[in-house]
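The sequence shown begins at 16 in my numbering and counts up one residue at a time.
Calculated from the structure, these hints are not laboratory results.
The structure displayed is predicted, hence computed values, not measured ones.
Glycine included, each C-beta is placed from N, C-alpha and C at the ideal position.
Among the hints, a few may not be true.
Straight-line Cα separation of at most 30 Å, DSSO-like style, residue types lysine-lysine; simulated pairs [to be verified]:
#  : residue 1 : residue 2
1  : K109      : K135
2  : K142      : K41
3  : K134      : K41
4  : K75       : K152
5  : K41       : K131
6  : K131      : K109
7  : K142      : K75
8  : K135      : K41
9  : K135      : K152
10 : K109      : K41
11 : K131      : K142
12 : K41       : K152
13 : K75       : K109
14 : K41       : K75
15 : K142      : K152
Taking CB as the label site, the calculated pair distances span [claimed, not checked]:
#  : residue 1 : residue 2 : range
16 : R73       : H146      : 33 to 43 Å
17 : E69       : D154      : 21 to 31 Å
18 : E148      : L55       : 32 to 42 Å
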Amino acid sequence: MIILGIDPGYAIVGFGAVEYNGYHFKMLEYGAITTQAGVLFELRLNDIYDQMCELITRFKPDALSIERLYFSNNQKTGIDVAQARGVILLAAVKAGIPIYEYTPLQVKQSIVGYGKAEKKQVMEMTKMFLHLEAVPKPDDAADALAIAICHAHSASSKMPRFRTSVR
């Protein structure tokens with residue numbers, strides 16, 4: 016199974032493509048889609064959509080796992096991230112890829128075994144699961160890989176997850 020993990024954003028969208036087969040992980044690629052500040056927001060969204068379509072074409076994932084959005088202090092930032100997340104989901108839906116959403120708590124629980132784990136612990140365990148020499152950079156890419164690993168762990172378990180229907 017090939018999983019494309021996504022850490023949504025509008026300035027930086029982290030991605031991580033992972034192959035999971037019989038409890039073994041193989042990291043295929045990770046990185047970030049970046050958009051330039053000062054560019055019209057709708058053009059930034061278009062860039063994110065186009066680059067997501069390119070990633071989907073390149074990896075042909077069996078599933079897209081994405082962090083479930085939650086609002087913190089800055090609602091404007093949250094709304095902008097939600098719009099970026101929308102074009103990411105649109106790219107997956109148009110490609111017929113099942114979408115699975117995970118909360119940060121679910122990702123931490125899956126990776127570290129503790130839902131209130133520190134970010135550093137999640138990063139170190141992600142590195143260990145994927146047999147990497149260093150924690151992936153940028154952090155958004157490392158988060159995306161953790162989200163992909165979370166889906167691999169939960170795909171065959173009874174762990175609750177949110178799935179968006181695909182026609």
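**Message:** Please list, smallest to largest, the hint numbers that this structure does not respect.
**Reply:** Per hint list: 1, 6, 16 violated.
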